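Student: Sequence:
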Amino acid sequence: MAHARVAREDVMWSRTCSLAMLSAALVMGVVLAYVRSNSADIDDAVGVRVTALPQPYAAASSWGTAPAQPSRLPTWTFRYDIGGTAAAPPWVSFRHFRRLCSHPWHDTRLLAREKADLELVCCLHMRNVPRLSELPPRPAHRPYVIWMEALRFWSCEACKGVTAKRDGRLFVACDDVTYRLCLEFRNVTSHRRDLVFTGFGPGPPGSFVALAPPHVWRKAPPADLGRWRYLATFRGTVRAGNPNYRTRERLKRSLGMPQDDPGVAARLHELGVVVETLDLDGGGAASRDSRRRYEDLMDTAFALLPRGDGLWSFRFSDAVGACAIPVVLADKIILPFEPLVNWTSAALVLPEALAQDREALLAALPRSPAVIKQMRERVCQIRALYFETMERRFDALLRAASAMAQSRRGQRV
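Taken in order, the sequence shown gives residues 1 to 413; the numbers are from this note's numbering.
FYI, nobody ran anything at the bench for these hints, they're computed from the structure.
None of the values given here were measured: they were computed from a predicted structure.
A couple of the hints might just be wrong.
[Stated by the list, open to error] Quick list of in silico lysine to aspartate or glutamate cross-link-like pairs, EDC-like style, CA-CA up to 16 Å:
hint, residue 1, residue 2
1, Lys-219, Asp-279
2, Lys-373, Asp-299
3, Lys-332, Glu-352
4, Lys-252, Glu-359
5, Lys-373, Asp-224
6, Lys-252, Asp-279
7, Lys-219, Glu-295
Let the hints inform the model, and build the full structure from the sequences given.
Tutor: Structure follows, in C-alpha cells:
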C-alpha cells in the first residue's frame, strides 16, 4: 500500500511539474513577443528589423556567388480572419496561408499592429468581398497583405458570360452576382493604396504578389547544370471538355506523340522533346511509376508549364526545385515574388497561342549550352534563396510585399 501511494504521488508530482513547465513556456512566449513588439531595435529609416539571411545553397557551389540580397526583413503581424471565412465555398482552402503565418517565434513578428510594417490578413474569397471595405486604413507603405482565393477579378467586363465546367456540368463562371462583386472589389481597391493581395494567382496587376505553388522538390539539385537528359518536357493531366485545358491539349498535338508525320516525330526525339498527358478526370491518383516518370522528365533544360485549370501550376515549384528553366504558357500570369525576383534571366513566359505552333515554340527556346547553363544557374540561385523551404518562401513573400509597398511611399489613403 505504501509503495502504491508513493507511486501515485510520484505521478502527480510529475504531472504538476509538466504543467508548471508548460505554463512557464507560455508566459515566456508572451513576454518575448511583447519585447519584440516594443523593442527599440527597429530601424526608423526603413521600418524593418535586422535579421541574418540563411546561407544560400548556390553561394557554396560552383555555380557562382548568389546575388546580394537585402539583409532586413519587414516586421509583420497577423489578423486571423477578415470575417466571413467560414462561408467560403467548399473548394477553397486557406490552410496553406494560415500555416505559413503561424510562426510565433519568427524574428520579425510583432503583436502591436500599429508598429508592424505589414499586417497579414486571412482571407478573401467570393463570399466576403464586402468585408474588404471594413478594414481600417493603414499607411500606403505599410499595407495589409491579404490572401485571396477563387477570385479572378482582373477584368469585370471580360468575364461576363464566360462558361466553365466543374464536375461534368457547365456553369456561368461570371454570373450577375459575381459581376457585381467584381465591380465592388474594383471600386474598393481603386480608392485604396494600403492593400496588397497574395495567393497562388491570379490577382490584380500592380497590387498582387504571387506565392510559390505549394510543392517542395525533395531531390537534390543537379551536380552539373551543363548537362541534361532532355531539352524540353511536360507531363501532366488534361480534363476532357474543360476549356481551361485547351493549352495542354494543343501542346500535346504539337509536341507530343504520336505524330502524323514520321519526320516530325524523329526530329522531336532527336531534340529531346517529350510531352505526355494523362486524363485523370475520374479523380484517380498518379501511380508510383507515373511519379517516377515525372521525376525522370525533370532532368531537362526546359520545363514546359502550360496552364491548366488555373494559370499557376504546381510544376513551377518542381521546375525551380530541379533547376530546370520554367517555360510558362499562361497569359496574364504573375510569377512568384515578382517584385523581389527578376525572372527575365531565369524563365520564359510565352503566349498560350504558341502551344499550337511547334516551330515558333521550339524557336523560342535558347539552344546555346552556355546560355542554358547560365539560366539554370540563376534558377538554382532563386531556388536556394526563395524556394528551398516554406520558411524561405514566407520570408520572400514578406520582402516582395514590402518592396511593392515601398514604391507607394508618399501616397496616402
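Student: If a hint holds in the structure, say so; if it doesn't, say that too.
Tutor: We went through each hint and held it up to the structure:
Among the hinted pairs, Lys-219 with Asp-279 is inconsistent with the structure: their alpha-carbon atoms are about 26 Å apart, more than 16 Å. For the given pair, Lys-373 sits about 13 Å from Asp-299 by alpha-carbon distance, which is consistent with the 16 Å threshold. A threshold of 16 Å between alpha carbons decides the hint, and for Lys-332 with Glu-352 the separation of about 10 Å falls inside it, so the pair holds. Only pairs whose Cα atoms come within 16 Å are accepted, and Lys-252 paired with Glu-359 is accepted, the gap being roughly 14 Å.
Restraint check: the Cα-Cα separation between Lys-373 and Asp-224 comes to about 9 Å, which is no more than 16 Å; the hinted pair holds. Under the criterion of a C-alpha separation no larger than 16 Å, the hint pairing Lys-252 with Asp-279 is consistent with the structure, at around 12 Å. Of the supplied pair hints, the one linking Lys-219 and Glu-295 holds, its CA atoms being roughly 9 Å apart against a limit of 16 Å.
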